[in-house]
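Protein chains: 2
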Amino acid sequence: MKIYGKQIRTVDFKNNKLELIDQNKLPFEVDILKLDKLSDVVHAIKVMQVRGAPAIGATGSFGLVIALQELDKNNWIQGLNNAYESLLASRPTAVDLKNCLDEAISSITEVTEYDKALEIITETAIEIANRSADSCHKIGEYGAQLINDGDSILTHCNAGALATVDFGTALAPMRIAFEQGTKFSVFVDETRPRLQGSRLTAFELHQEGIPYKLIVDNAAGHYMQQGKISMVITGADRIALNGDVANKIGTYTKAVLAKEHGIPFYIAAPATTFDLETKSGKDIPIEERDGDEILKVGSVYVTLPEIETANPAFDVTPAKYITGYITEYGVFSIDRLSELQEILAKRKSN
Amino acid sequence: MKIYGKQIRTVDFKNNKLELIDQNKLPFEVDILKLDKLSDVVHAIKVMQVRGAPAIGATGSFGLVIALQELDKNNWIQGLNNAYESLLASRPTAVDLKNCLDEAISSITEVTEYDKALEIITETAIEIANRSADSCHKIGEYGAQLINDGDSILTHCNAGALATVDFGTALAPMRIAFEQGTKFSVFVDETRPRLQGSRLTAFELHQEGIPYKLIVDNAAGHYMQQGKISMVITGADRIALNGDVANKIGTYTKAVLAKEHGIPFYIAAPATTFDLETKSGKDIPIEERDGDEILKVGSVYVTLPEIETANPAFDVTPAKYITGYITEYGVFSIDRLSELQEILAKRKSN
Numbered sequence: 631m632k633i634y635g636k637q638i639r640t641v642d643f644k645n646n647k648l649e650l651i652d653q654n655k656l657p658f659e660v661d662i663l664k665l666d667k668l669s670d671v672v673h674a675i676k677v678m679q680v681r682g683a684p685a686i687g688a689t690g691s692f693g694l695v696i697a698l699q700e701l702d703k704n705n706w707i708q709g710l711n712n713a714y715e716s717l718l719a720s721r722p723t724a725v726d727l728k729n730c731l732d733e734a735i736s737s738i739t740e741v742t743e744y745d746k747a748l749e750i751i752t753e754t755a756i757e758i759a760n761r762s763a764d765s766c767h768k769i770g771e772y773g774a775q776l777i778n779d780g781d782s783i784l785t786h787c788n789a790g791a792l793a794t795v796d797f798g799t800a801l802a803p804m805r806i807a808f809e810q811g812t813k814f815s816v817f818v819d820e821t822r823p824r825l826q827g828s829r830l831t832a833f834e835l836h837q838e839g840i841p842y843k844l845i846v847d848n849a850a851g852h853y854m855q856q857g858k859i860s861m862v863i864t865g866a867d868r869i870a871l872n873g874d875v876a877n878k879i880g881t882y883t884k885a886v887l888a889k890e891h892g893i894p895f896y897i898a899a900p901a902t903t904f905d906l907e908t909k910s911g912k913d914i915p916i917e918e919r920d921g922d923e924i925l926k927v928g929s930v931y932v933t934l935p936e937i938e939t940a941n942p943a944f945d946v947t948p949a950k951y952i953t954g955y956i957t958e959y960g961v962f963s964i965d966r967l968s969e970l971q972e973i974l975a976k977r978k979s980n
Numbered sequence: 631m632k633i634y635g636k637q638i639r640t641v642d643f644k645n646n647k648l649e650l651i652d653q654n655k656l657p658f659e660v661d662i663l664k665l666d667k668l669s670d671v672v673h674a675i676k677v678m679q680v681r682g683a684p685a686i687g688a689t690g691s692f693g694l695v696i697a698l699q700e701l702d703k704n705n706w707i708q709g710l711n712n713a714y715e716s717l718l719a720s721r722p723t724a725v726d727l728k729n730c731l732d733e734a735i736s737s738i739t740e741v742t743e744y745d746k747a748l749e750i751i752t753e754t755a756i757e758i759a760n761r762s763a764d765s766c767h768k769i770g771e772y773g774a775q776l777i778n779d780g781d782s783i784l785t786h787c788n789a790g791a792l793a794t795v796d797f798g799t800a801l802a803p804m805r806i807a808f809e810q811g812t813k814f815s816v817f818v819d820e821t822r823p824r825l826q827g828s829r830l831t832a833f834e835l836h837q838e839g840i841p842y843k844l845i846v847d848n849a850a851g852h853y854m855q856q857g858k859i860s861m862v863i864t865g866a867d868r869i870a871l872n873g874d875v876a877n878k879i880g881t882y883t884k885a886v887l888a889k890e891h892g893i894p895f896y897i898a899a900p901a902t903t904f905d906l907e908t909k910s911g912k913d914i915p916i917e918e919r920d921g922d923e924i925l926k927v928g929s930v931y932v933t934l935p936e937i938e939t940a941n942p943a944f945d946v947t948p949a950k951y952i953t954g955y956i957t958e959y960g961v962f963s964i965d966r967l968s969e970l971q972e973i974l975a976k977r978k979s980n
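These protein sequence lines map, in sequence, to chains C and A.
Using this note's numbering, the letters of the first sequence map in sequence onto residues 631 to 980.
Using this note's numbering, the letters of the second sequence map in sequence onto residues 631 to 980.
It cannot be assumed that every hint is accurate.
Any copy, or any two copies together, can satisfy a pair, since identical chains are not distinguished.
[Unchecked claim] Result set (DSS-like, lysine-lysine): computed pairs, CA atoms no more than 30 angstroms apart in a straight line:
1. Lys644 / Lys768
2. Lys912 / Lys858
3. Lys676 / Lys858
4. Lys813 / Lys912
5. Lys655 / Lys644
6. Lys636 / Lys926
7. Lys926 / Lys950
8. Lys926 / Lys858
9. Lys703 / Lys813
10. Lys636 / Lys978
11. Lys926 / Lys676
12. Lys858 / Lys976
13. Lys655 / Lys950
14. Lys889 / Lys813
15. Lys644 / Lys632
No wet-lab data here; the hints were simulated from the structure.
Excised from the complex, chain C in its bound form (with noise of 0.2 angstroms):
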């Protein structure tokens, strides 16, 4: 992605450094943070300096191979296994971060050696960051055949570069569209409570240069009723077999009142995205966050601290109201989705 013309990855790895954007100083600041400790990674995905389920994914695995690089050559083999675990417990939600560890760790379960281990998980790091981007651009290009001229697009959060590696998810199309000369618009929800919508996906198309609008989560409602949204595309965390899909809360509200306007609903989302353990939406574990970021925006409490809050960072949305899910495999309905899941099965299985 380009961020005031500079061409810039949201998750990267230089010097034996990962280097990550700070997504709690965007739009105001474009702080690169360079991480060097494992303990650092892991603040990272919990604070939310890294978000979106693709680059949370490149982001553990490359913290894999930070923790390596800090362990005793001599006795590394437990201290990865708890680096592996503690990674995988900094955000419960999103699939890929399991996904990304799994793979990450399975290329050297035969290593013995140090050295060989550190060079092997690095390359495989380097390996899923590069394949997530090209995945990106895929989505890109088989989504951008969905949007015609005069279509008015919605999204929620952010499933832009900043939510991957690089291109994003559900902008991916949009960036693909644009760039083949569709003239569309798009509608992005502020997203309440951290206001990825405002601070990252509005930042992103201002700087393409996409026609948006930033609306609050409220007004959706009300531009599908006056006939002003043509089809909503949003991202996704984890998409369990039978299809349903957890997403930033708010989603499963958007795709509700798409059903009732008949407006086409669309999950773009990767390989790693994809649950093939999970059978349905019941069993994807919901974060509960912290109830300050709803009593306050930034560091100010918008209301008094008192105030009791319920703050859960996600919902489901069940797979009858997806109209399809854009992969890097191409675009598939839910009767088709067990093509992609043998496709996928048989990924893993290689």
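Keeping the supplied structure of chain C fixed, place chain A upon it in accordance with the hints.
Below, chain A alone, put in the same frame as chain C:
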């Protein structure tokens, strides 16, 4: 209502001054504005120091009193008509303002003497305010009959004592049910962009000791899906002849969600909110407010000032989504709405 143990009205008239709780300073500061200039009253409505359809209505009628106090005793009639127009134009969507202005100005149609006019219009404005508080009590009594032990009620925006002269519309049934010992709890939508839920409704319920949880607007759908919401009650800014309701942006979304989950959706509103001259929701003007309400929280920008926005303040919920209208004359379903309208028309012609 009681705030920190002190009995207080949202809109009051003392020593020839209009007293308003400044709602932009709540919940951090309970500041009582004492206004004796028409321009300050118009400003208070525009910048939402006073808000909520019934509170704006009462403020409008007192605004005419304030205007008359300022005018030349020998040349006041045109000035009062100008005051009527500038008050009416201060906010476009809520109809209580027009209804209350009309009632106050009609009370002196035949009067030419200044002192007599001032005496009568002051009496009328006080009567409008007292009647409004009484109506809210009755709304509470009728509405409380709908609330049962174990219920969990979602409310949107603030339709509490702070949106009325006193006692509230949507919150009135909760106040009475709580007094009666019914065991229920409330989910409070924070209600972006102006956070009336977190700043006002949660504050009121907290003051009363009624159990509640503040949630982001994105979370209501999730809790409905989980079976944790049994009823929705909101206020209204204008109810058209066909039963369509204009209310705070996001109300329509909650109504669609309620329908999808088979949850009853009630509107609580006094007679003054019913507009017998507007046929349907399509005819209700929707106020578009400044985009800075989205870009800023308080005085602090949450994203870049150059981000493009769209900021409708209200939406329209079609009658088909509404289970019942809780009024001071009882609870009316859509098929009995004409009965209510006959009562209101008769009252208006008296």
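A quick look at each hint next to the structure:
Taking CA atoms no more than 30 angstroms apart as the test, Lys644 paired with Lys768 passes inside one copy only; the shortest distance there is 25 angstroms, against 69 angstroms between copies. Only between protomers do Lys912 and Lys858 lie at most 30 angstroms apart by alpha-carbon distance; the minimum there is 15 angstroms, versus 33 angstroms within a single protomer. When the C-alpha separation of Lys676 and Lys858 is checked against a cutoff of 30 angstroms, the pair qualifies only between copies, where the shortest distance is 28 angstroms, while the shortest distance within a copy is 37 angstroms. In this assembly of identical chains, Lys813 and Lys912 lie within 30 angstroms of each other by CA distance solely across copies; the values are 29 angstroms between and 39 angstroms within a copy.
Proximity of Lys655 and Lys644 under a CA criterion of 30 angstroms is satisfied intra-copy only: 21 angstroms inside one chain copy versus 49 angstroms between copies. Taking identical chains as interchangeable, the C-alpha atoms of Lys636 and Lys926 lie at most 30 angstroms apart only when they sit on different chains, with a minimum of 27 angstroms there against 32 angstroms within one chain. When the C-alpha separation of Lys926 and Lys950 is checked against a cutoff of 30 angstroms, the pair qualifies neither within a copy, at 35 angstroms, nor between copies, at 37 angstroms. In the homo-oligomer, the alpha carbons of Lys926 and Lys858 lie at most 30 angstroms apart only across protomers (25 angstroms), although the nearest pairing inside one protomer, at 32 angstroms, exceeds that limit.
With identical chains, the CA atoms of Lys703 and Lys813 are never at most 30 angstroms apart, being 56 angstroms at best within one copy and 62 angstroms at best between copies. In this assembly of identical chains, the alpha carbons of Lys636 and Lys978 never lie at most 30 angstroms apart, being 35 angstroms within a copy and 66 angstroms across copies at closest. Proximity of Lys926 to Lys676 under the C-alpha cut-off of 30 angstroms is found in both arrangements, the shortest distances being 18 angstroms within a copy and 26 angstroms between copies. Taking the closest pair of Cα atoms, Lys858 and Lys976 never come within 30 angstroms of each other, the shortest separation being 41 angstroms inside a single copy and 40 angstroms across copies.
When the C-alpha separation of Lys655 and Lys950 is checked against a cutoff of 30 angstroms, the pair qualifies neither within a copy, at 37 angstroms, nor between copies, at 45 angstroms. With identical chains, the CA atoms of Lys889 and Lys813 are at most 30 angstroms apart within one copy only, with a shortest distance of 25 angstroms there and 35 angstroms across copies. Taking the shortest Cα distances, Lys644 and Lys632 sit within 30 angstroms of each other inside one copy (18 angstroms), while across copies they are farther apart (61 angstroms).
Checked against the numbered hints given earlier, this structure breaks hints 7, 9, 10, 12, 13; the rest are met.
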